[in-house]
Amino acid sequence: MLYLETCFEKTAARVPDAIAVDDAGSLVTYADLDARANRIARYLVAQGAGPNDRVCILAGKNIHAYAAVLGILKAGACWVALGTGLPDERLRHLVGTIEPTVIIVDPENLEAALSVRDAADAPVPLLLLGATGSDASAGIGAEAELDVLASDKPAIEGRSPDDLAYIIFTSGSSGVPKGVMVLHRNITQFLDLCPAFFDIDEGSRFAHHSDLTFDPSLFDLFYGWMRAGTIVPLNKSSYRINPALFIRETGINVWFSVPSAISNIVESGGLKDPSIASVKHLLLTGEALPAKVVRAWYEAFPQATIYNVYGTTETAIISHWYKVPHDHDPEQVVPVGTPLPGFRVRLMDGDEIVPPGEAGECVDYGSQISPGYWADEKETSAHFVSDPLDPRMPQTWYRTGDLLRLRPDELYEYVGRADTQVKVRGHRVELGEVEMALERHQTVAEAVVVALKPEETPHEARLIAFVAGREGAGADLLRDHLLKSLPRYMVPSRFVIEPLPLPRNANDKIDRQSLADRAAIEETKGA
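So the sequence shown is numbered by numbering that gives the first Met the number 0: it starts at 0 and just counts up by one.
Since the hints were derived computationally from the structure, they do not count as laboratory data. Glycine included, every Cβ here is placed at the ideal spot set by N, Cα and C. Careful: at least some of the hints might be erroneous.
Derived DEER-like restraints, expressed as beta-carbon distance ranges [said to hold, decoys possible]:
| no. | residue 1 | residue 2 | range |
| --- | --- | --- | --- |
| 1 | Gly202 | Ala374 | 49 to 57 angstroms |
| 2 | His92 | Ala12 | 34 to 42 angstroms |
| 3 | Leu476 | Asn51 | 56 to 64 angstroms |
| 4 | Gln331 | Lys422 | 36 to 44 angstroms |
| 5 | Gly59 | Ile520 | 32 to 40 angstroms |
| 6 | Ala154 | Arg343 | 36 to 44 angstroms |
| 7 | Pro502 | Ala474 | 18 to 26 angstroms |
| 8 | Thr523 | Gly268 | 37 to 45 angstroms |
| 9 | Asp386 | Asn234 | 42 to 50 angstroms |
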């Protein structure tokens, strides 16, 4: 497969009447979505878009966004999701950085798009999907202009698998978001591998859980379409609060999210609902997967398959995978398994390889690796480096910033972020290791450990644990529990017991920064 859109087009040609999208009961066939995307592609080509030109999308998880993604790819251009609900200042920064040929927007986000467009140095045409009428004088195109265009795919000259397929912005340590560039050959390499590792039935219903600004959504869409599946977007706020309700009402079969999303189902008693059995495949990423969540799910629904996967936007979604066995020991950490074919992995401490069993920064090499960050040579050179062991070699390796550990059984464990590694009383401490130890206690549903560094001794951290617990959870109980498995210096000095769930960020991960900020404020007040 040379180009990302090919996986959709092959299915559309093979089963044109199959349902590609079920958007709150609004059903769209592969044939209809293909025709609409082709018209969008023709519109974009007429606006001057072509290979490596950027087209932004400001839309929710809906049929308009899906048609936009496919239309941009069919035009040979690169799609860039801006993310809904962002402050105008951040949107203006992203648009100014990307310099798009067109911004595609849905009705709910038109006001934000106009505000950003009007503040740009040069006017950017808008294409409004999902509304009638247009205003050419205001630079807004609409559906009526698409209807008169041919519904077959335009011919695009000069394309290459080395062209940009998409750019996804991730948070940067400097406070400036980094635009991860992903080429067609990066993402198609991954998708070509998927059938051998994720044996999902044709016609399955894929939950679209993550926003387009979070790359697991690409698995939902494109592997879903490869399998002639139906994409079911999770949009209602009630569904985010109660994912079990979404599963019950939509009958989805494939779920890909951070582990805390399904932890909520487990902790709220959602596994008592027999309709949850429709979920045959769960892919979990982005956080450590609690073994007790795996056990609870398998006990309730033994026909399900759970995959613990690891990857970064820079490595095209997934680089490591592990099919969790039904007899996994609930007292043991769930590993992220082994690298996908084509990856080479080194665990480093600076420029030195760490001994087996010790945590080190994961440094990857392989065909899925991004060429770098859009218009950011400084960050690119910091993270995309020559071979750490032999700089004379031509390969480019990616420093992930994540800490992994290689076990004696040759499986990798995810430990945490390198920037969550702190020193306590002269000892190096991985905060993720403390969190996993906490979550092994039966009264703990979720745990986050943050480090406070006093101004007078910034090299020595104090650990604060935030715990979302069940009845009976308490500081003394948890402190005694940790002392059974961890040295005293790794035991937090303070435990804060919280109701479920702990706060979440836009990607539905636990919001560590807000908890760290809160701990710092409470410490200042002497809480």
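Cβ separation of Thr523 and Gly268, checked against the hinted range 37 to 45 angstroms: Because 38 angstroms falls inside the window, the suggested range holds.
- prompt: Is it true that Leu476 and Asn51 lie within 56 to 64 angstroms of each other by Cβ?
  reply: holds, 57 angstroms
- prompt: That 42 to 50 angstroms hint for Asp386 and Asn234 (C-beta), does it hold up?
  reply: Since Asp386 and Asn234 have Cβ atoms about 45 angstroms apart, the given range 42 to 50 angstroms holds.
task: Return holds or violated for the Cβ distance of Gly59 and Ile520 against the range 32 to 40 angstroms.
output: holds, 34 angstroms
Verdict for Gln331, Lys422 (Cβ pair) under range 36 to 44 angstroms: About 27 angstroms separates the Cβ atoms of Gln331 and Lys422, which means 36 to 44 angstroms is violated.
- prompt: Given a hinted range of 18 to 26 angstroms, is it respected by the beta-carbon distance of Pro502 and Ala474?
  reply: holds, 20 angstroms
query: Per the hint of 34 to 42 angstroms, is the separation of the Cβ atoms of His92 and Ala12 within bounds?
result: holds, 40 angstroms
message: Please check whether Ala154 and Arg343 have a Cβ separation lying inside 36 to 44 angstroms.
response: Taking Cβ atoms as reference, Ala154 and Arg343 lie about 38 angstroms apart, which means the hint holds.
- prompt: Do the Cβ positions of Gly202 and Ala374 conform to the proposed distance bound of 49 to 57 angstroms?
  reply: At 42 angstroms between Cβs, range violated.
Hint compliance for this structure: hints 1 and 4 are broken, all remaining hints hold.
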